[in-house]
Every structure is written in structure tokens, then in C-alpha cells.
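2 protein chains.
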Amino acid sequence: MIDLKTDHKYSEVADRIQSLIDKRILKVGDKLLSVRALSKEQGISLSTAFQAYYYLESKGLIEARPQSGYYVKYSPEHVLDLPRVSDPIDDALPVGVDDMINSVYLDLRSEKLLNFSMAAPSFSLLPIAKLNKAVMHTLRETDASCTNYEHVQGSLPLRKQIVRQAFNWGGRINEDDVIITAGCVEALSLCIKAITKPGDAVAIESPTYFAIFQVMESHGLKVVEIPSDPQTGIDLDYLEQAIPRFDIKACLFVPNFNNPLGSCMPDENKKRLVDMLAKKEIPLVEDDIYGELYFGKTRPKTCKSFDKKGLVLHCSSFSKSLAPGYRIGWTIPGRFKEKVIRLKRMHTVSTNTLAQSAIANFLENGRYELHLRHLRKALHTQALRYMQAVCKYFPEDTRVTRPTGGFILWIEMNEKVNGFKLHKKALKHNIGIAPGQIFSAQGQFENCFRISYGDPWSEKIEEGIKTLGKLVRDFGGR
Amino acid sequence: MIDLKTDHKYSEVADRIQSLIDKRILKVGDKLLSVRALSKEQGISLSTAFQAYYYLESKGLIEARPQSGYYVKYSPEHVLDLPRVSDPIDDALPVGVDDMINSVYLDLRSEKLLNFSMAAPSFSLLPIAKLNKAVMHTLRETDASCTNYEHVQGSLPLRKQIVRQAFNWGGRINEDDVIITAGCVEALSLCIKAITKPGDAVAIESPTYFAIFQVMESHGLKVVEIPSDPQTGIDLDYLEQAIPRFDIKACLFVPNFNNPLGSCMPDENKKRLVDMLAKKEIPLVEDDIYGELYFGKTRPKTCKSFDKKGLVLHCSSFSKSLAPGYRIGWTIPGRFKEKVIRLKRMHTVSTNTLAQSAIANFLENGRYELHLRHLRKALHTQALRYMQAVCKYFPEDTRVTRPTGGFILWIEMNEKVNGFKLHKKALKHNIGIAPGQIFSAQGQFENCFRISYGDPWSEKIEEGIKTLGKLVRDFGGR
Chain A
1 MIDLKTDHKY SEVADRIQSL IDKRILKVGD KLLSVRALSK EQGISLSTAF
51 QAYYYLESKG LIEARPQSGY YVKYSPEHVL DLPRVSDPID DALPVGVDDM
101 INSVYLDLRS EKLLNFSMAA PSFSLLPIAK LNKAVMHTLR ETDASCTNYE
151 HVQGSLPLRK QIVRQAFNWG GRINEDDVII TAGCVEALSL CIKAITKPGD
201 AVAIESPTYF AIFQVMESHG LKVVEIPSDP QTGIDLDYLE QAIPRFDIKA
251 CLFVPNFNNP LGSCMPDENK KRLVDMLAKK EIPLVEDDIY GELYFGKTRP
301 KTCKSFDKKG LVLHCSSFSK SLAPGYRIGW TIPGRFKEKV IRLKRMHTVS
351 TNTLAQSAIA NFLENGRYEL HLRHLRKALH TQALRYMQAV CKYFPEDTRV
401 TRPTGGFILW IEMNEKVNGF KLHKKALKHN IGIAPGQIFS AQGQFENCFR
451 ISYGDPWSEK IEEGIKTLGK LVRDFGGR
Chain B
1 MIDLKTDHKY SEVADRIQSL IDKRILKVGD KLLSVRALSK EQGISLSTAF
51 QAYYYLESKG LIEARPQSGY YVKYSPEHVL DLPRVSDPID DALPVGVDDM
101 INSVYLDLRS EKLLNFSMAA PSFSLLPIAK LNKAVMHTLR ETDASCTNYE
151 HVQGSLPLRK QIVRQAFNWG GRINEDDVII TAGCVEALSL CIKAITKPGD
201 AVAIESPTYF AIFQVMESHG LKVVEIPSDP QTGIDLDYLE QAIPRFDIKA
251 CLFVPNFNNP LGSCMPDENK KRLVDMLAKK EIPLVEDDIY GELYFGKTRP
301 KTCKSFDKKG LVLHCSSFSK SLAPGYRIGW TIPGRFKEKV IRLKRMHTVS
351 TNTLAQSAIA NFLENGRYEL HLRHLRKALH TQALRYMQAV CKYFPEDTRV
401 TRPTGGFILW IEMNEKVNGF KLHKKALKHN IGIAPGQIFS AQGQFENCFR
451 ISYGDPWSEK IEEGIKTLGK LVRDFGGR
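Taken in sequence, the protein lines are chains A and B.
Number 75 in UniProt numbering belongs to position 75 of the first sequence; there are no gaps in the numbering.
Number 345 in UniProt numbering belongs to position 345 of the second sequence; there are no gaps in the numbering.
The shape of chain A in the complex, shown without the other chains (with noise of 0.2 Å):
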């Protein structure tokens, strides 16, 4: 255990060395203190010298040579710039989700292939032997060994834990708002079909994740693709001036570390947003599911906790921070729960008792906070070796996203790459990635794809990435 003294230290010392780093005065290949020279120099103990250096290695930032110390690794020099601010089409449109989608997904089912497509943590970062310790717990000590029909709203323990989850992102909730699903996407779907009637048209991020095409799909309505900002996401302006023009009856945003582009809608946006929406009784279903991932100091907020009006519905999982196949999630649906609960009822009934309950257990043992902190950091982690992979490999035309943030990497490439052709060239390679033309229901973003950064890096990491530069390189360009 760190205690916070030396925590605090250590991050302070690193944090001044990383400056010095992003001012270009310690340039790459530079050779630093030894870290008996920086405890020296700086008043500080030789673990917590170690300590801040070890923090940097993690980042990407500097490395350790064998018999020699630490180096400066990374060059800000070097990094590619951000992907433009998308410029969808100015409409209203109905979904005709192709089989684009259908079709990637069913390649990329392969065991051998290095998947970059799937926007999941990797195995060896769940928490798999104390979660397996709940399940048993639970079988031992539940009447019937959770083969009873749940309650349609969902484990009561379970929702406990959520209400305890979310006052780190401000939510004022009781367990009583709080309705288990089978999983996020079960409750977007539920969350729209309970605010729109088919025809409905609906505001959506551009680029937007493409699952969330197929639920506005099914629901029969179109949709309105917001421009967004890489970094700050939707721009306000314009969705204020799409409302009326559109007659949008709905928002479906992911406004922390946003699939795919990473972006999180500063605090002060999403309050903004809010009470925009407010004033018109527009009612906005919120994605959270990679709220918890954050690299920064703090959870950033969400929309949700500047909700008055339960205009809000906040949807989120633990799919993409605990266990992806136990497919739990929920919604926090505001003034529409009735309603919610009664589609539950007509569609799924209850959700799975035993997932619940061992879910349940393990947040009650503090378990889910101290594994969220350990995969936050390998997480930042891997983001960072990624990003320098790619600005390594890939043509200096490229663009790619910096998350603060989630799982993944947005990459924009110059006019001549097509993102499926390069999906289908790098399937021979065994490599997976997801073409920037499924995250459009107008065609957009052609020269673009996605990466997830759930695993660990490896060589093989490396080579793949190396690999889909080369691809890219062979597309030609300027």
C-alpha cells in the first residue's frame, strides 16, 4: 500500500520531470538523475525516487536501459496531431445500418487473430479468481442458489452498490431509481423506445459507436449526427440550433471518453447541455459505460447529476471494467422508470439472478474500487504505448485521438486510405480493427478506423501495429 504522503510525493516529483519533458528541455534519448542522485537532489526517500520514475517508465515517457538508468523516451516532437472536428451531413436520416457491420464482426471471430476491434479490457486485467470467490459465495449462501426469478427492477444488494458507485459522479440516486439490464445496450434500447415513437428523430455524437446505430434502427428513427470535438465532444451551439430545426425529440450521448473518439464534454458543457434540454423537456439518454475509466485525478461528472427535471437517463455496465460476459448493466431512467420497467417486462423479464448477486458481492467488499484503480493505470498505461506506437509507425499524415480515458484510439488517415479496405487487408495479416465507416449512418469518415488498447502491450502488440503502418503507408498519399 502507498500511504498518501508518499503517494502525493512521488506523483509531484514525476509530474515536474514530465514538464520538463513537454517543454522539449529534456529531450528524447536524454539521460536522467540516478534515482540515488534524485533522492538526493530533491529531499526525497529512494522509494519514492524509484516510485516517481517507475510512474513515468508506466506512462511511456522515459525507459530503463539495463546497467545504464533512465532515458527519455518520448518526443512531443512526435506526436501526430488531432483528428478534425467531424462535419457530418446536415440532416435528419434514417438509419439503414448495412451489413458492414454484421460483416466485420463476423470476421473477426478467429482465435489467432490480434484483435484491436473489440472495445474490452483484456482478460489478465480482470479481477477473474475474486469474482469467481463472489459467484461461489453467492451459490453457498443464496436461497435456491440464485435460480429464482430475479425482481424485474433488478437484486436490491445490486442496487445498493450502484447508488454507493455513483456518488463519485455526483449522482443524489436511492436504489429505488435504479433498474438492472441485461448489459448497456439492453438499457439504451430500453431508455429510447420509452422517449421516441418510430419516425422520431434523435441527436447523436458523430462518430458514434455503432451499436447504437442498430438500437435507433430497430426503433425505426433517425437520427441527427452532431459535429464533435475530439477532445470536448458535441458542440452545443449546433445541437441548440439542430432542436427546432429537426424537431429533435431525443439525445443519445456518451459524454465520458465517447466510443470512438475518446472525448469527454467538459463539466461545465454537460451542465450547459443539460439545462438546455431542460428548457425544451428534451430528454437525454446518457451512455456512461466508460465513466470509470479515467485517467486524470477525478471521475469526471455526468450529465445525470445536473438532472432537476429526471429528464436524464443514465444508462451504464460493468461489461467494459469488471466482466463483459455477465452482462449486467442499468439504467438511472429519472421520470421514466414506470415505463422502463414495464419494457423490461415485455422484453427480457429479470436478468440473470446468479451475475447479479455475485456482482453485488463483490462491490459490497470494497473489491470493485481497488481493481478499478489497478486498471485505470494499466489502462493509461497502454494508451500511451499505443499513441507512440502509432506516431512511430504510421505516416506523419496521420491523426490520432489522445483519450483521457476508456479503450480507445481514433485514427484519421489521409483522403487516399479506405478504413474497410485496410479492415479486410489487415484481416489477412490476422489483424482486426474496426473501419471508421460503421460509426456513420451517412458513410462518413471513410479514411478512418478504430483500436482498442485493452491489451497489455507486447511485441506482438508492437508488430501489429508496425504492420497496419505499413498497410496504410501502401494506400499511398500525399
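For the record, the hints were derived by calculation from the structure and aren't laboratory data.
Hints may contain errors.
One copy or two, either will do: identical chains are not told apart, so a pair holds if it fits within one copy or between any two.
Below, a list of computed lysine-lysine pairs in the DSS-like style, where the Cα atoms sit at most 25 Å apart [what the hints assert, rightly or not]:
1) 197 <-> 249
2) 73 <-> 377
3) 9 <-> 308
4) 160 <-> 112
Dock chain B against chain A, hints included.
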């Protein structure tokens, strides 16, 4: 030829057994001595002992169960009439599932409740210890202990086991034909969505399980309720005429041990139904959730087994026979497979991995067949006990079904009795029933209610039925 002396002897023994039944020293569901033991005990020949049982069986007092022996069936004096064939309003009507269903099932949450309203087996009838073993085996033996996403279509080992099981009802399918779902209701919902568009008319039974109305309502469909016989199910002639009159686009029936009638469509009716619909290219959603729970010698066939054109979408689950809370169902949707998979991806993506894997393991070890044999016997006995109690404690003008499988008795009372009011009154005595009104979109069946005999017979249950009988009498009548 039976000679007179022997004749005399067997009837004398039979008479004595009958008097034990009349005095209720031998009760419904009690097992009788084996033929061999009877012969020894009474000092009669084996064939005389057999004749005595055969004689009692022919009088409807006892019955032979395969590989098991002879059981007391019912007391002949006291059998009530069957409910009448239903007479729904002859129209295609939109479904407005009113708040009655929600209120009934909200009321029924109390733990103290003697709950006759849940169509599910008692936990004491489930193989919980062996199922837990399968869960633990699965946690130990699978990659990542089932934290991974399962394929959208579902676990391959489980689909293989479902194919094996389908052999019993004449299914000629392979594992590629099967899609796993979150329980049977999800299967029904996805299948109905795949074959209809809002506003279409769908034929259903009358009375019909209320969850089916909710599925119809959620997809904006109209329903045509088809008159149904408590023993043989829907009136095929009526259906044939109704199809052109109401432009029926699809059918959803529960041919085996329908909920709530308990009717079982004769196999020749199934064939006629499938052929009739095939000529008109009308798809049929077949809910076979109770099909394995037969009391007779062989499993009734399914409509799917007569399907030559891929127009039957077979749906079922393990919720009524193995583990309600696991939420594992499936569909075999014929030519609509790709569409159903796509819809599943839009609504719940994949189904809980651990539950699929554990059930597959349980079935692979041959435990399911063994368990089903025990469960069928237990349910058969319970059916007879509950029926007898209804015959004993309810007014003479009561009518009750005689199910040959499943969980459910449907009780029709005289016109003065109101099912919903009875439900409210029964609740005050901590007894839960499902009032008849929730089984019709037309507000029919006011004087009916449904009880489940899923719980093993006990004094408490006898008291509960006695109380219900008293409450029914309080309404008055002829």
C-alpha cells in the same frame, strides 16, 4: 378369457382398493403396491393382481405411469366439469395491456405469500446441487471463467445440447439453426419483431398468457383471439376463416400445455395447422416452453417437427424446467434466423456466458433427462392433488381443466364471481392467484382465475385452496 373364480377374486381386491380410495386412506398421487407385491400380499396370482389394477384403471381411479407403477388418480364422485371452449370477440384489436397485470404482479412480491400465481417449479424440485457443480466446473475449466462475451448466437456446446434434446420432439435441426436468448420472452419478442411490422394482426389463443399480450403491445400489433378448447387447443376451422378476414400476418401459439388452459393440441392438429399456414406463407411462432413437462408416455410433437418451409419459429427455455433465474432460452427460427440474430444484436447483444456454459455442462452429463423424469412425476402427482382439492372445496358449478402436462390449472367459476376481486380478497389472506382478466385483451374471463401447482402438496396448500373455495362461495351463485 377370464374365468369366473378369478374374476370374482380380482374384483374383490379391486373393490377393497376402491374403498380405501373412497375413504381417502389412499390419496390422489399415492403410489400403489407393485403388481408383484400385491400378488404376494393378497395371495393372488400375478395375473389377478394385474386384472385388479386394470379394472381400477379403466374406472379412472388409478393410472399406470411408465417405468414407475400404479398411482391413485382421482376420486370419481367429485370431478368437476371442464371449462367451456372460449368465445372471444370476433375482431382484430389493438392491445392495451392495462395496469392490471402490473398491479397483480406488484402485489405478489411478499415473501409470506402462498403464491399460486407463479408458473414456475418449486425450488425443491430443481437439481440445485448438481447445477451448482456444473457452475463450479465451468468456472474452473473455461478460459477467463466465462467473463468473456459469448457469440451473439450463443454458446456452441449449449446449442449442440439443444439439438440433442430436440430429437425427442422430432426436430431435424443442427446447431447452426439455434439462437440462445435471455429466456423465452426475449425469444418470442425477437421472433415476433422479425416477422411483423407495427399495425399487423397476429392470431393468438384465447385465453392467452399475459406476457404474450405485452410482447404484442410493445411491437404495436393487433391481436385476433382464436377460440380454444381446454383439451385440444385452438379451433383450426375458425382460424382458417379468420386469416383472410383479418389479414392475419403471423400466429403465436402455445401448442403443448398452453398457459393458462393446459390444452395440448393433438399432433394431427399441429400438422394441419402447419400445412394450412405454409400454403398461405404465414409464419408461426411456437412457444414450447412447457413441452418437456408431459405426464403421458411420450413427449408431444411440436409444430416445428412438421415445418417444411422454415416458417415455424420454435421458442423455448430452461426457465420452467431447470433454472428460472438463469434466464436462458432459445429459438429455432427457420428462415428468419439472420434477422433474429441481427435483432438480438440490437437489443441485448449476447447472453450471460456462465449460465450458458453451466447448463451445457449439466446437459452433457445426461443430468437433464434424469431430472426431467423426476420433475414430470412430481408435477403429475401435484396436478392430481390440486385438482382434487379444487373439486372438494369449490362449489359444484366450478369448472376446472385437466392438464396432461405443465404447471397450471385454469378455473372457471359461476358468473357472480369476479377474478380480479377474488385476487384482491385472496391477497388479504396472503394467497396469490392470477385473475382471468389478465389473460384476455378484451376483458374476458372475468369469472376465471389461474393457479400453478408448481409447489409440492402440503397442508398449507390445502388450506389455501380451501380458503379460495370459501372466498368463491362468498360471491354467491346459482
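Each hint tested on the structure:
In this homomeric assembly, residue 197 and residue 249 come within 25 Å of each other (Cα to Cα) both inside a single copy, at 9 Å, and across copies, at 22 Å. Within a single copy, residue 73 and residue 377 get their C-alpha atoms as close as 13 Å, which meets the 25 Å cut-off; across copies the closest is 68 Å, which misses it. When the C-alpha separation of residue 9 and residue 308 is checked against a cutoff of 25 Å, the pair qualifies neither within a copy, at 40 Å, nor between copies, at 74 Å. Proximity of residue 160 and residue 112 under a CA criterion of 25 Å is satisfied inter-copy only: 24 Å between copies versus 41 Å inside one chain copy.
In terms of the numbered hints stated before, the structure departs from hint 3 and from no other.
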